[in-house]
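Residue numbers (the working numbering), protein chains in the order written: chain A, 110 to 220; chain B, 7 to 118.
Hint data in this document are derived by calculation from the structure and do not stem from the laboratory.
Incorrect hints may appear among the rest.
Looking from chain A toward chain B, a few residues come up when the C-beta cut is under 10 angstroms (computed) [unchecked claim]:
{"no.": "1", "residue": "111"}
{"no.": "2", "residue": "195"}
{"no.": "3", "residue": "199"}
In silico lysine-lysine, DSSO-like type, Cα no more than 30 angstroms apart, as pairs [unchecked claim]:
{"no.": "4", "chain 1": "A", "residue 1": "166", "chain 2": "A", "residue 2": "122"}
{"no.": "5", "chain 1": "B", "residue 1": "74", "chain 2": "B", "residue 2": "62"}
{"no.": "6", "chain 1": "B", "residue 1": "62", "chain 2": "B", "residue 2": "83"}
{"no.": "7", "chain 1": "B", "residue 1": "58", "chain 2": "B", "residue 2": "83"}
{"no.": "8", "chain 1": "A", "residue 1": "166", "chain 2": "B", "residue 2": "74"}
{"no.": "9", "chain 1": "A", "residue 1": "166", "chain 2": "B", "residue 2": "58"}
Restraint ranges, calculated between C-beta atoms of paired labels, are given here [stated by the list, open to error]:
{"no.": "10", "chain 1": "A", "residue 1": "161", "chain 2": "B", "residue 2": "48", "range": "33 to 39 angstroms"}
{"no.": "11", "chain 1": "B", "residue 1": "100", "chain 2": "A", "residue 2": "220", "range": "26 to 32 angstroms"}
{"no.": "12", "chain 1": "A", "residue 1": "127", "chain 2": "B", "residue 2": "58", "range": "28 to 34 angstroms"}
Every residue gets a Cβ at the ideal spot worked out from N, C-alpha and C, and that includes glycine.
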Amino acid sequence: KAGVTQTPRYLIKTRGQQVTLSCSPISGHRSVSWYQQTPGQGLQFLFEYFSETQRNKGNFPGRFSGRQFSNSRSEMNVSTLELGDSALYLCASSVDNSPLHFGNGTRLTVT
Amino acid sequence: GDSVTQMEGPVTLSEEAFLTINCTYTATGYPSLFWYVQYPGEGLQLLLKATKADDKGSNKGFEATYRKETTSFHLEKGSVQVSDSAVYFCALSDQGFQKLVFGTGTRLLVSP
């Protein structure tokens, strides 16, 4: 069974730009969660989608948004990028009420 | 709000040594507790979990027991290997398994 796939693996953007990250969950997993990992703040929950609906949201500004498609694939978008948005963004999928399976992440660098 | 506190790293051990990584938590309800491991350049992998008090999670020689009275979930392994070198994260969730609160992570370095 293929794992969680995140694309791209690396991304370099300039302040003020926007970026879209993609996540393909494990087949059959309908829940997709996103996390931000930085050296300073550690791992922080962004949001979770289940059956195309946002079910949970973390404490991030509205510049961070996401969506989920009918095939459970998910995208997250960050608009008006700031230097502090540089991070490893991790996507995780799960069957409802079972532990998360994480992808290898997308490393975003904002210059 | 909920929080997880882990011991600072790095933890440096010789192969076959005994490992303990301390983890304590603060939560208003009765959370599920997890240990995840992150190898260099990779995402997180679930190592073990416990969903109620006195449960013991175990996997690949690692163990942790959910201690409600001390709000702890310490990770232990009797004999570490070089391949166990990684960053270990303790986490909790009181809203299903999707919204996790993580500790800061503890880097383990095992030398031959």
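Would you check the hint for residue 166 of chain A and residue 122 of chain A, treating anything up to 30 angstroms between C-alpha atoms as holding? Roughly 25 angstroms separates the two Cα atoms, so the pair holds.
Measuring from beta carbon to beta carbon, are residue 161 of chain A and residue 48 of chain B in 33 to 39 angstroms? 28 angstroms, violated
Satisfaction of hint between residue 58 of chain B and residue 166 of chain A, Cα-Cα up to 30 angstroms: 25 angstroms, holds
Straight-line Cα separation of residue 62 of chain B and residue 83 of chain B no greater than 30 angstroms? The given pair, whose Cα atoms are some 13 angstroms apart, holds under the 30 angstroms limit.
Is it true that the C-beta distance of residue 127 of chain A to residue 58 of chain B lies inside 28 to 34 angstroms, as the hint says? Distance hint for residue 127 of chain A, residue 58 of chain B is violated at roughly 43 angstroms.
Quick one, are residue 58 of chain B and residue 83 of chain B close enough, alpha carbons at most 30 angstroms? 21 angstroms, holds
Tell me if the straight-line CA distance from residue 74 of chain B to residue 62 of chain B falls inside 30 angstroms. Distance ~12 angstroms between residue 74 of chain B and residue 62 of chain B Cα, so the pair holds.
Residue 111 of chain A as chain B interface residue, shortest Cβ-Cβ below 10 angstroms: Since the shortest Cβ distance to chain B is 14 angstroms, the answer is violated.
Between the alpha carbons of residue 166 of chain A and residue 74 of chain B, is the straight-line distance 30 angstroms or under? 27 angstroms, holds
Let me know if the C-beta of residue 195 of chain A comes in closer than 10 angstroms to any C-beta of chain B, holds or violated. 17 angstroms, violated
Consistency of beta-carbon spacing, residue 220 of chain A to residue 100 of chain B, with hint 26 to 32 angstroms: Roughly 38 angstroms apart at Cβ, these two residues miss the hinted range, so it is violated.
Any CB of chain B closer than 10 angstroms to the CB of residue 199 of chain A? Hint on residue 199 of chain A: holds, closest Cβ of chain B at ~5 angstroms, below 10 angstroms.
Against the hints set out earlier in the document, violations occur for numbers 1, 2, 10, 11 and 12.
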